[in-house]
Amino acid sequence: MLLNFDRLGWWKYILLTITLLTAAFLLLPIVFIAALSFGSSQWLIFPPPGWTLQWYSELFADPRWLESAWTSFKIAVIVTVLSVLLGLVTSFGLVRGSFLFRDALKALFLTPMILPVVVLAVALYAFFLRIGLGGTLIGFVISHLVLALPFSILSISSALEGFDKSIEDAAVLCGASPLEAKIRVTLPAISHGLFSAAVFSFLTSWDEVVVAIFMSSPTLQTLPVKVWATLRQDLTPVVAAASTLLILLTIILMALVAVVRKVLKQ
Amino acid sequence: MSTYSDASAAIAPLPKARRATGFGGVLPALAFVAIFFIAPVAVLLLRSVLEPVPGFGNYAQLIGSATYLKIFANTFIVSGLVTAISLLIGFPVAWALAIMPGRLTSVIFAILLLSMWTNLLARTYAWMVLLQRTGLINKMLIGMGLIDKPLALVNNLTGVTIGMTYIMLPFIILPLYGVIRKIDPSTLQAAALCGANRWQCLTRVLLPLAMPGMAAGALMVFVMSLGYFVTPSLLGGTANMMLAELIAQFVQSLVNWGMGGAAALVLLVVTLSLYAVQLRFVGNQNPGGR
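Heads up: the protein sequence lines correspond to chains B and P, in order. With full-length UniProt numbering as the guide, the letters of the first sequence map in order to residues 1 to 266. With full-length UniProt numbering as the guide, the letters of the second sequence map in order to residues 1 to 290.
Only true hints are included.
Pulled a few chain P residues facing chain B out of the computed Cβ check, cut under 7 Å:
1) P185
2) G260
3) L267
Per the computed footprint, the stretches of chain B lying under chain P, defined by three or more beta-carbons under 8 Å from a beta-carbon of chain P, are:
4) 11-21
5) 31-45
6) 93-105
7) 111-117
8) 141-149
9) 243-249
FYI, nobody ran anything at the bench for these hints, they're computed from the structure. Cβ coordinates follow ideal geometry from the N, Cα and C atoms, glycine included.
Using the sequences and the accompanying hints, generate a full structural model.
Here it is as structure tokens:
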């Protein structure tokens, strides 16, 4: 009866209240920021005295914001491509291959997911200082790839595990070369895994702050680093506008994932 | 003819002699991870026993200083608080999600995922503004007549705890939801038939059955909190520094790689040993901390 919602009696209302309050708690900052970004008060007073697009125009007028957004985007796209390609090759090896320490290797590939990011950030910072990659685009790409690759390997290898290899073999039997069979039969079949790998990799890189703080230089910084640096000085509404755009991107990507999943399932 | 034999070789079960198939596929990633993950972390940890002079001086200094001990204590207190509160809120929510009618559930799931994937800095910024002296939360509390003058909600333990709990909630609700969903309702019916009242059903059947999920979720939240950097440094004051920020400070402002490496090793050892505990409870369910 505790697991039957209709038979919970008045407990039902307690559970419902806690759940709705929690949902409101989770939604509050997101809605609040979006509302503030259109508010006319520079002091972030809520409810704002009036509505304005001023902060957005300030955001788009400042070349440093645009530049950091462009940097973030470039890095995220390169990381996504590399992460999916490397994840694909690695997943084939991990899922199809059979060699010593295969499971240990898989665990090793996933560890960047669980280690505190600050440790990786500091370690890479030291390394890149020495070999001259600090504050460079390549440095950013490498460090974000370390963080994105586990997500990619996880999504692609689980898709590959769910794919029946005998279909690929059948294609080979019908005259396709092994590579051709992989490209024309297996890849489309695991495309949902490739797609989630791409989205996760993109978001991992795009939203990454901690490593980016250490990688950035005065001339090269990503959008989150720019937000971070601005926040340390003051709580200007321009950050609210930038944050709202970041949130909007997240919603679009999430919706895209939902739609693509639905389409691929059919 | 040769195509045919290739295909039949592909279909036939892997012969035992061909041991190391597919290793070539993982080689690029292995090389990448070795050069840009394992080696840098290993070097950092090595420096903790080599710089400025070989030996365990850095560790002695870490343990011997009241300032650093306070930071360790603070890290554990904040992480413990965040874990406890997340569990307390997360359990009823996961329970409700597991049994509620579909439509509402999917709305709440969408909110959970949205908050999880929304940029960390955007969310932290929101709390910085919401919790200010003149912020919405203080205004509401004053408006409701609960307090006379604004409470100090940011740059202290309260601020960090609120901000981090906010971030960790989805990470405890989602695994708990999975565990509660899998509980067989008939076990509870059986308990009720045997005369257990609602409270007994909850404390003696539902909670114990959900225990592995709670332990796993709590450990994960605790470990993630230990290594958190961004939220504590923006919402906590200087008096509330956490371990991750200490590491960053050693390296960035003090340029003391030995101490930075030593503090990093402490964080790594605690993190990895807690993960080992978690793996024993229930298999693997990630993802990591920012």
